[in-house]
Amino acid sequence: AQSVAQPEDQVNVAEGNPLTVKCTYSVSGNPYLFWYVQYPNRGLQFLLKYITGDNLVKGSYGFEAEFNKSQTSFHLKKPSALVSDSALYFCAVRGSGTASKLTFGTGTRLQVTL
Amino acid sequence: NAGVTQTPKFRVLKTGQSMTLLCAQDMNHEYMYWYRQDPGMGLRLIHYSVGEGTTAKGEVPDGYNVSRLKKQNFLLGLESAAPSQTSVYFCASSHSANTGELFFGEGSRLTVL
Chain A
21 AQSVAQPEDQ
31 VNVAEGNPLT
41 VKCTYSVSGN
51 PYLFWYVQYP
61 NRGLQFLLKY
71 ITGDNLVKGS
81 YGFEAEFNKS
91 QTSFHLKKPS
101 ALVSDSALYF
111 CAVRGSGTAS
121 KLTFGTGTRL
131 QVTL
Chain B
536 NAGVTQTPKF
546 RVLKTGQSMT
556 LLCAQDMNHE
566 YMYWYRQDPG
576 MGLRLIHYSV
586 GEGTTAKGEV
596 PDGYNVSRLK
606 KQNFLLGLES
616 AAPSQTSVYF
626 CASSHSANTG
636 ELFFGEGSRL
646 TVL
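Respectively, the protein sequence lines represent chains A and B.
Read in order, the letters of the first sequence are residues 21 to 134 in our numbering.
Read in order, the letters of the second sequence are residues 536 to 648 in our numbering.
Rather than coming from a laboratory, the hints here were simulated on the basis of the structure.
Hints should not be assumed to be uniformly reliable.
In silico BS3-like links for lysine-lysine, alpha-carbon gap of 27 angstroms or less [said to hold, decoys possible]:
no. : chain 1 : residue 1 : chain 2 : residue 2
1   : A       : K121      : A       : K78
2   : A       : K121      : B       : K592
3   : A       : K69       : A       : K97
4   : B       : K549      : A       : K121
Simulated coverage check for chain B against chain A, where a stretch passes if three residues somewhere in it have a Cβ under 8 angstroms from a Cβ of chain A [as the list claims (entries may be wrong)]:
no. : segment
5   : 602-610
6   : 638-647
Over the 10 angstroms line for every Cβ pair with chain A, so calculated as not near, a few chain B residues [stated by the list, open to error]:
no. : residue
7   : T542
8   : R546
9   : M554
10  : D561
11  : M562
12  : N563
13  : G593
14  : P596
15  : E614
16  : S615
17  : Q620
All C-beta atoms, glycine included, are put in the ideal place defined by N, C-alpha and C.
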């Protein structure tokens, strides 16, 4: 069975500092990996995805993520955090042999302070 | 751009009552999904559909039924609501089974008393 682990319930960072939100996964076959963001009382919004190719993926709002096959990780990063980045972030995975079933992590709340 | 629209946005039910949540998408996507979101548990897949007239069970299907009579609509039904079904429900759609990202609705908050 495929699974996603987001080991941190909350990440706190000061505005202007770099941020990392961690994600590790377990899946059969090649992984398709996604990051989504959820603002209060809203649906999830797509940030970026890794399907194949370059291990560093760039996405919306200046976010990027690095795929590491040996560590089965897909950490979300941003060089300089903004207060407006404060939200709930979800990592998700599909295996290449499990069409349609996207499995989400439990989410990490990012709090960016001045 | 409407995208994915869910109705109603809020609903309060008594135990044993029934209701239907409607999801509509205007992106001509083949794949549609119903998730529930509960604190500390992330999103869990209830049912999904890979095309008009087809549905399949996700990881937490018990107590729910779905129908996809038209490509643009995906209905989630609760025949006899239970307090354990108090949750926020999200509908999503996608153009691809594996590589496509999901587009989510704004959510429907259901409370069962």
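Numbered hints the structure breaks, given as an ascending list: Hints 4, 5 and 13 not satisfied by this model.
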